[in-house]
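Visitor: Residue numbers (this note's numbering), protein chains in the order written: chain A, 1 to 186; chain B, 187 to 510; chain C, 511 to 622; chain D, 623 to 766.
In case anyone wonders, no lab produced these hints; they're calculated from the structure. Just so it is clear, the structure is predicted and the values come from calculations on it, not from any experiment. Just to be clear, a hint being listed does not mean it is correct.
Claimed, not checked - Stretches of chain B that chain A covers, calculated by requiring three or more beta carbons in the stretch to come under 8 Å of a beta carbon on chain A:
id, segment
1, 208-214
2, 230-237
3, 258-270
4, 294-306
5, 387-400
Note that the Cβ used here is the ideal one computed from N, Cα and C, for glycine as well.
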Amino acid sequence: METILAIIIGFMIIGALFALHAKDLLSALIACGIVGYGLVICFLLLKAPDLAIVQIVVETITLIIMVAVVLDSSRRELKEKASIRVKGISYVNTRYVVNIIAVILFTALLLFFFSESIDVLAPFGQHATRMSTAYIEHAADQTGSANLVTGVVFDFRGYDTMGEATILFTAVIGILTILRIKGKEK
Amino acid sequence: MESLIVLYIILPLGAAFLIPLIGRFVRFFAGMISALVFLGLTALSIVYISAYHSETIRYAVGGWQVTNGIPIAIYLVLDGFSGIILVMINLVAFFAVVYSFSYLQKYTAKNNFYALLCLMVAGMNGVVLTGDLFNLYVFMEIAAIASYALVAFGVEKEELEASFKYQVLGGMASLFILLGIALVYWTTSTLNMADASRILQTFAGYRIVIFIQLLFIAGFGMKSALVPFHAWLPDAHSSAPSPISSMLSGVLIKAIGIYVLIRLFFTVFSITYEIALTITVLGVLSMLIGGVLAIGQWDYKRLLAYSSISQVGYIFIGLGIGCW
Amino acid sequence: MTLYILCFALFLTGLYGVLTKRNIIKIVIGLSVMEFSIFLFLALIGYTNNGDAPILVNGKEQLLFVDPLPQAMVLTAIVIGLATNAMLLAIAIRIYRKYGTFDVRKINQLKG
Amino acid sequence: MHGMTSIVKTVARIVVGVIFLYGVYIITHGHLTPGGGFAVGAVIAGAFILLVLAFGSDVLKLKVREAGSSTFESISILAFLLLAVGALFIGTHVFFQNYLPKGKVGELISAGVIPLYNIAVGVEVAAALVTIFLALVIYKEEVK
């Protein structure tokens, strides 16, 4: 179980790196899809069917919208070159190299700090419930919902869900505002 | 009287949902209803401050009782501090609406403006009132997304660019905060702030707590335009419509940045010397750099934005010293 | 613990994209990768060994469930992520029509 | 916006009905099986997007649809808020209380207000996604 998950997450990291380095924006989007759909498989393995269903449809719709945005652009990205050419002699682009070294050092440092700091917490698969003990034990008789996630989302924490529906409403009003043709009346 | 606390959420949200429906047919509906809502909420906050200034009101949404000593509901909490912030938010919003009546003459889509303003105020009220970590994230996002759209309200080049910068930095900040909340949940298995602080006491001094605190400082520092993360505020401030500029540096950076940081660091976490020092140093930097950069500005709005950054620095110094 | 560290590495990959890439679409991709890693992180936290998916089935005796609260949080966060992405893309398409490019180095009307 | 070939149109015409049926199934069983308001909203929005992509449409028609879907969205989210506020007046007068009878666990009509919330959120999400998509398409069509 852990090995399979680790392999999938490894693929997701590779997909993300490819998405960030692809020259063509359309292939970058497809590679981003690897990460999204890999996440769906992880959700299925982690016993979260609700999340898998939502993620797979939302990912598809996001991809459609992103492709619609990218499709009629030039799709090319201006790249930073590893070497620059002055008067026929090629030099190594120092800014590029410094960037790479800084990124690697910083990543290693953060990963080390993170792995050092999480060693006091519960390991994978041995999560102890506290707040959700009541959610699991009383969901059936107090909310009447057989799907515990629905019980939590709409009853114990229905207030969060209202906020979330409001966020979608806000985004729609915001998009209608941003995409109107004329901003000011003449 | 205690149960009227939910009006802070219901009234602005209801107004925002009604405006696209009714505002199309009734001409001054949007402006009038938002002004009325904000005025009413200001009055309510003043009543709360004068009547309940020494006690804390707790309201369990959904009516879920404490089981086995663990609070399971989302709590709304109102004490003296949040009362003052609520007065500020709703009063400034009321004045912003009154000013927009004439300011918005030259813009189209006025209804959307008022709806977004109502949503932003609802989000800020929700952040100030909540006693639950994930709920805080949700309402913070409402306020943030509404403000992204409001900054781009003029849809000219500068507005779009400022809004894009603001969205990228704000989105990163939100994700840091969400990661911090996930780590708190992993550590404590609860989302209630009071309950989490009880459990975090047994983790005092561990590296995980420091990591979470750094994530929260980075996230809420970006939201409140603290100095290494201040790049968005001058642009957003100078491009936004004037009523929104006043909302941005007047209440938004305080309500979803500084207020939350104060709430978390004084009630949920126990602060070590190093973290307090970090906050103080960032505050001093913010104060100095904001002030120095303000000298070279010729645009009044940018000048005021840098002044806000400097003032944020003063508040952070107070927070850092108070934590020692 | 390896899984959590890998998951954090995914988060850092997204962060690297947001901080170093100069293309609007790449920045959006970086932000969504960061989002995905946090969803995965929450789902990993809630997993219990040998636990069942949190759904009661009539006539089946179930004792151990996966924690439903992180799942509810992820469900909320997915939709929030969708909303932020859609807003960013709307701005991106509008910027593209105004400037003719997705490159942020060419989009600098504002100084500072 | 142009439509696609008649093969795509024929397939879309058949598939859309199935997708709708699937959506209705999940939304009514949201409290019993995996899925619920959000999944359904996205599924139904997907069906609408498929229709628009396959058959194509002119800008005027799209604008009418956009106005319709955004009205739908406002109404459904208002219904959600009213359902929640209704709890202030019924039963123990607490915001977001589940005030309808719970019924027997595992039956279709059970769980009090949860199915109603599910339907409201489903319609809201579907209308929101359709509005976002239509707004992008209209913008792309009008500003060349």
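Visitor: Decide, hint by hint, whether the structure agrees.
Guide: To see whether the hints hold, each was checked on the structure:
1. A count of 0 residues in the segment 208-214 of chain B with a Cβ less than 8 Å from any Cβ of chain A is obtained; the coverage claim is therefore unmet, three being the minimum.
2. Check result for the segment 230-237 of chain B against chain A: violated, 0 residues qualifying (beta carbon to beta carbon below 8 Å, three or more required).
3. With 3 residues having a Cβ less than 8 Å from any Cβ of chain A, the segment 258-270 of chain B passes the three-residue criterion, so the hint holds.
4. Residues of the segment 294-306 of chain B with a Cβ under 8 Å from some Cβ of chain A number 7, which satisfies the need for three, so the listed coverage holds.
5. A stretch counts as covered by a chain when three or more of its residues have a beta carbon under 8 Å from one of that chain; for the segment 387-400 of chain B and chain A the count is 6, and the coverage holds.
Checked against the numbered hints listed earlier, the structure breaks hints 1, 2; every other hint is satisfied.
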